[in-house]
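Enquirer: The listed protein sequences derive, respectively, from chains A and B. The first sequence begins at 1 in this note's numbering and counts up one residue at a time. The second sequence begins at 1001 in this note's numbering and counts up one residue at a time.
No incorrect hints appear here.
Beyond 12 Å from chain B on every Cβ pair, some chain A residues (computed):
no. : residue
1   : 70
2   : 76
3   : 88
4   : 112
Computed from the model, here is a short list of chain B residues facing chain A with C-beta under 10 Å:
no. : residue
5   : 1040
6   : 1084
7   : 1090
8   : 1100
Worth flagging that the hints you see were computed from the coordinates, not collected in a lab. The model shown is predicted, which means the values in this text are computed figures rather than measured ones. Built from N, CA and C at the ideal position, the CB exists for glycine as well.
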Amino acid sequence: GAVVSQHPSRVICKSGTSVKIECRSLDFQATTMFWYRQFPKQSLMLMATSNEGSKATYEQGVEKDKFLINHASLTLSTLTVTSAHPEDSSFYICSASNYNEQFFGPGTRLTVL
Amino acid sequence: GIQVEQSPPDLILQEGANSTLRCNFSDSVNNLQWFHQNPWGQLINLFYIPSGTKQNGRLSATTVATERYSLLYISSSQTTDSGVYFCAVRQTGGTSYGKLTFGQGTILTVHP
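Chain A with its partners taken away, still in its complex shape:
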């Protein structure tokens, strides 16, 4: 299967700072990538769809000015959590689509103090 990497795997930051998470498809080009958030003992919730070369599409209730997404190339999408607060603490997971399947990165655990 295809390989998707995510960096960093874990980050702890102070309230008010910004955090950038990178998602890379290592062995295929992904026109579309997706960003999910998962709270403990819950399912994955889609935050936004990241399209290479165009603006991201955000799900209802997700603040686009808080969760900035950039999909600069066919293998890289970034999610920046701006002015992070403790309620933003969560497990963030990206995925990349190869037309049929989605393949997921290992996730980033964000803790905001």
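For chain A, the structure is supplied; the task is to place chain B on it using the hints.
Expert: For chain B alone, kept in the frame of chain A given last:
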């Protein structure tokens, strides 16, 4: 939007037992995937199965698209099978790169 329901929510087995996990969805789909989320949070692709039957070792899956459900079979379970199993679907009518909607998952615990 499309609704995805998984059952049972929790399943406890002894090593060696067989099990069946179910995924029901409320509308037509053109993509259905089964995932295993390991204790470190990584989602592992098990099957891409919008219809039909597939097998991979001790695991097999069947999707009956016309009746809007999919089944994941685990035979001769091992402790390493423990984790959360998710079903996710893409509703027909979206683009081929369309979003997946996840079920709530089945938490599987296999005891030695």
